[in-house]
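Peer 1: In order, the protein sequence lines correspond to chains E and S. 127 is the number that this note's numbering gives to position 127 of the first sequence; each next residue is one higher, with no gaps. 365 is the number that this note's numbering gives to position 84 of the second sequence; each next residue is one higher, with no gaps.
One or more of the hints may lead you astray.
Restricting the straight-line Cα-Cα distance to at most 25 angstroms, the calculated cross-link-like pairs of lysine to aspartate or glutamate (DMTMM-like) are [unchecked claim]: (1) E/Lys103 x S/Asp355; (2) E/Lys101 x S/Asp335; (3) E/Lys101 x S/Asp529; (4) S/Lys394 x E/Glu60; (5) E/Lys101 x S/Asp347; (6) S/Lys385 x S/Asp395; (7) E/Lys103 x S/Glu333; (8) S/Lys394 x S/Asp355; (9) S/Lys534 x S/Asp545; (10) S/Lys534 x S/Glu442; (11) S/Lys554 x S/Asp529; (12) E/Lys101 x S/Glu332; (13) E/Lys103 x S/Glu332; (14) S/Lys385 x S/Asp355; (15) E/Lys101 x E/Asp168; (16) E/Lys265 x S/Asp606; (17) S/Lys385 x S/Asp308; (18) E/Lys103 x S/Asp294; (19) S/Lys385 x E/Glu173.
Label pairs and their computed distance ranges (CB to CB) [to be verified]: (20) E/Leu18 x S/His411: 39 to 45 angstroms; (21) E/Thr14 x S/Asn362: 38 to 44 angstroms; (22) E/Val85 x S/Asn450: 51 to 57 angstroms; (23) S/Arg287 x E/Pro192: 50 to 56 angstroms; (24) E/Val85 x S/Ala416: 51 to 57 angstroms.
Covered stretches of chain E (in silico footprint by chain S; criterion: 3 or more residues with CB under 8 angstroms from a CB of chain S, positions within the stretch not fixed) [what the hints assert, rightly or not]: (25) 124-131; (26) 165-172; (27) 187-201.
Don't read these hints as lab results, they were simulated from the structure. For glycine and all other residues, C-beta sits at the position ideal for the given N, C-alpha and C.
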Amino acid sequence: MQSGILRPALATYTALFLLFLYGPMIVLAILSFQSIDGGPQFPIRDWSTYWYQHLLGLAESSRVSQLPVGESLVRSMMLAFMTTVVSTILGVMSAEAFRTKFKGSGPAFYLIILGMMVPGVLVGLGMALLSNTLGIGRAWWSTSFVLHVVYTYPFAFLIMLAIFNRFDRTVEEASLSLGVTPAQTFRRVTFPIIFPGVLSAMLFSFTLSYDEFARTLFTAGRDLTLPLSIYGTFSVEIYPNLFAFGVLTTLFSFTLLVIYGLLMKRFTAKASRFSGQEDAA
Amino acid sequence: MLTLSRISRSYGDTVALDGVDFVVPDDTYMSLLGASGSGKTTLLRLIAGFEEPDHGEISIHQTRIDGQAPHLRDIGFVFQNFALFPHLSVADNVAFGLRYRANKALNNDTEIKDRTQEALVLVGLDGFGHRGVSAISGGQRQRVALARTLVCEPRIVLLDEPLGALDANLRARMCDELRAIRQRLGVSFLHVTGSETEALTMGDEVAVLANGRITQSDTPDTLFSQPRTAEAARHMNAWNTFDGTLCDGMSVKGEIAVRFDQMDVSAQGRAPKDHLRVHAQYLTGEFNGPTALSFFRAADGTLLQIIDHLSQPRLPDLIEGQHYDLHFPSNALRQFHGAV
Numbered sequence: 001m002q003s004g005i006l007r008p009a010l011a012t013y014t015a016l017f018l019l020f021l022y023g024p025m026i027v028l029a030i031l032s033f034q035s036i037d038g039g040p041q042f043p044i045r046d047w048s049t050y051w052y053q054h055l056l057g058l059a060e061s062s063r064v065s066q067l068p069v070g071e072s073l074v075r076s077m078m079l080a081f082m083t084t085v086v087s088t089i090l091g092v093m094s095a096e097a098f099r100t101k102f103k104g105s106g107p108a109f110y111l112i113i114l115g116m117m118v119p120g121v122l123v124g125l126g127m128a129l130l131s132n133t134l135g136i137g138r139a140w141w142s143t144s145f146v147l148h149v150v151y152t153y154p155f156a157f158l159i160m161l162a163i164f165n166r167f168d169r170t171v172e173e174a175s176l177s178l179g180v181t182p183a184q185t186f187r188r189v190t191f192p193i194i195f196p197g198v199l200s201a202m203l204f205s206f207t208l209s210y211d212e213f214a215r216t217l218f219t220a221g222r223d224l225t226l227p228l229s230i231y232g233t234f235s236v237e238i239y240p241n242l243f244a245f246g247v248l249t250t251l252f253s254f255t256l257l258v259i260y261g262l263l264m265k266r267f268t269a270k271a272s273r274f275s276g277q278e279d280a281a
Numbered sequence: 282m283l284t285l286s287r288i289s290r291s292y293g294d295t296v297a298l299d300g301v302d303f304v305v306p307d308d309t310y311m312s313l314l315g316a317s318g319s320g321k322t323t324l325l326r327l328i329a330g331f332e333e334p335d336h337g338e339i340s341i342h343q344t345r346i347d348g349q350a351p352h353l354r355d356i357g358f359v360f361q362n363f364a365l366f367p368h369l370s371v372a373d374n375v376a377f378g379l380r381y382r383a384n385k386a387l388n389n390d391t392e393i394k395d396r397t398q399e400a401l402v403l404v405g406l407d408g409f410g411h412r413g414v415s416a417i418s419g420g421q422r423q424r425v426a427l428a429r430t431l432v433c434e435p436r437i438v439l440l441d442e443p444l445g446a447l448d449a450n451l452r453a454r455m456c457d458e459l460r461a462i463r464q465r466l467g468v469s470f471l472h473v474t475g476s477e478t479e480a481l482t483m484g485d486e487v488a489v490l491a492n493g494r495i496t497q498s499d500t501p502d503t504l505f506s507q508p509r510t511a512e513a514a515r516h517m518n519a520w521n522t523f524d525g526t527l528c529d530g531m532s533v534k535g536e537i538a539v540r541f542d543q544m545d546v547s548a549q550g551r552a553p554k555d556h557l558r559v560h561a562q563y564l565t566g567e568f569n570g571p572t573a574l575s576f577f578r579a580a581d582g583t584l585l586q587i588i589d590h591l592s593q594p595r596l597p598d599l600i601e602g603q604h605y606d607l608h609f610p611s612n613a614l615r616q617f618h619g620a621v
């Protein structure tokens, strides 16, 4: 009897929760279709795609200057890509190391994890001071990049640790017993099996780096990354072109997710379970 | 010929192997029988090179292999859980070693295909090559694991409880097939198991691993009928081992063994005069189908078992809690001199 009420109640709760979760994004999407003379708030004067055209530089000149996001977008993507590659490789390698207990593995573990625990503002500030002291110029591809790796590497590491935790070592031993070298074994056996985990680690590293703010703020130097330049536009005045941009980046993120999902599906479909015992003959 | 001499291996304070001396001759099916935790899997892992012994030497044809990397040893290993590569098809699993091994790797696709096909036919999996390894049954996985190992023609094949994951029906059939396959290839198998029936059925020779050592290595019938140590006798699961002083009618010292089927039961004082007697209390019986086991407890607490075959019942009606004389002819008795 109880579950008769419980189920719809939980369903309603979940629906409300999801609405709440996506509320800001929905508002953003609606407002991005504001007309040319509308502001960044309700009501919608008229529906139009003007701000999208404005964003892409297709609209005729207007009193609002174009969002300065083009170059910073490229920078952020480059940075996220570099971070993804380095963090994932580091994460896989160190998780592989942690499969066997070694001397100092306990402290080493916590030192790695610290990178994602320490407040970003402090690390950013510390890095800025350090680079000043050492006389190293700050740039998104050097100082920021290092901090992005420090920040995302623990995530990649933890994901890979969880993957290796469930990993059946005997398949590697089977490969060795067939005369295959450890390096080939990693390439032909270990890596294909852990690949879904590697994908997840890459996704985490990419998204975390792509919208990293605090650590980048102090260390990016003159050329800004995307979150910084968006923040910069707030100080002037907000127009719906910012919302249009928000919608486009969200679409980009969705695309990444879809690619991730498709790849995952492709690599885990083979592991579909066989149930029941068949005749052996 | 695989030779192990004085192999020891400890994990912390636990001694797994304590000076194992062991020889696996060429072209032999060798069973290695040991209780769980006796170190039999450790022994296989040391031979395969996944772990190294603390002391001792392992050699094949007089060449030492301990210290060598596992992929250079040319020793096949069939795992209890099969350890198939989940991301590869059956055929790719079997072809894996041929394709990627460090020495003598094949890069001729037709040759790989032919060899793989041959191996699949050998284990009776013709036509299964394209399947995913998750889409076949347990028995078939076992065959894939075997084919994958055999196709590389290793110098010796180690099998770690290869039938443990199969149901009883399948196990009996795989027993025959494993023997047949081995005979066809002429390579030595070292088959580790905890089941004495499996060990005795399969092995041309059976070795018993107990207390970190090989306590006896003999042909199955010799081992079964003439165990040289109390340990070996206990592993056959067919011998009562007990202290000789429990016997009436003759003074016997040390630990002795009498087979389950060579003991008889009679009411107190009714045992034949020329038989040795052990006084014991009847506990309970266990019906196993074609045989029935009766359990007795001797004066010092030792558990004694007597087996009765349904076709030739020889035991009187027994009442739980009653005392009886268990008796046996003196030639049924085995004494262990200097046994542990």
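Peer 1: Indicate, hint by hint, whether the structure satisfies it.
Peer 2: For each hint, the structure was consulted:
| no. | hint | verdict |
| --- | --- | --- |
| 1 | E/Lys103 x S/Asp355 | 32 angstroms, violated |
| 2 | E/Lys101 x S/Asp335 | 19 angstroms, holds |
| 3 | E/Lys101 x S/Asp529 | 58 angstroms, violated |
| 4 | S/Lys394 x E/Glu60 | 66 angstroms, violated |
| 5 | E/Lys101 x S/Asp347 | 23 angstroms, holds |
| 6 | S/Lys385 x S/Asp395 | 16 angstroms, holds |
| 7 | E/Lys103 x S/Glu333 | 20 angstroms, holds |
| 8 | S/Lys394 x S/Asp355 | 21 angstroms, holds |
| 9 | S/Lys534 x S/Asp545 | 21 angstroms, holds |
| 10 | S/Lys534 x S/Glu442 | 38 angstroms, violated |
| 11 | S/Lys554 x S/Asp529 | 10 angstroms, holds |
| 12 | E/Lys101 x S/Glu332 | 15 angstroms, holds |
| 13 | E/Lys103 x S/Glu332 | 19 angstroms, holds |
| 14 | S/Lys385 x S/Asp355 | 11 angstroms, holds |
| 15 | E/Lys101 x E/Asp168 | 17 angstroms, holds |
| 16 | E/Lys265 x S/Asp606 | 70 angstroms, violated |
| 17 | S/Lys385 x S/Asp308 | 23 angstroms, holds |
| 18 | E/Lys103 x S/Asp294 | 20 angstroms, holds |
| 19 | S/Lys385 x E/Glu173 | 19 angstroms, holds |
| 20 | E/Leu18 x S/His411: 39 to 45 angstroms | 43 angstroms, holds |
| 21 | E/Thr14 x S/Asn362: 38 to 44 angstroms | 40 angstroms, holds |
| 22 | E/Val85 x S/Asn450: 51 to 57 angstroms | 52 angstroms, holds |
| 23 | S/Arg287 x E/Pro192: 50 to 56 angstroms | 41 angstroms, violated |
| 24 | E/Val85 x S/Ala416: 51 to 57 angstroms | 35 angstroms, violated |
| 25 | 124-131 | violated (count 0) |
| 26 | 165-172 | holds (count 3) |
| 27 | 187-201 | holds (count 4) |
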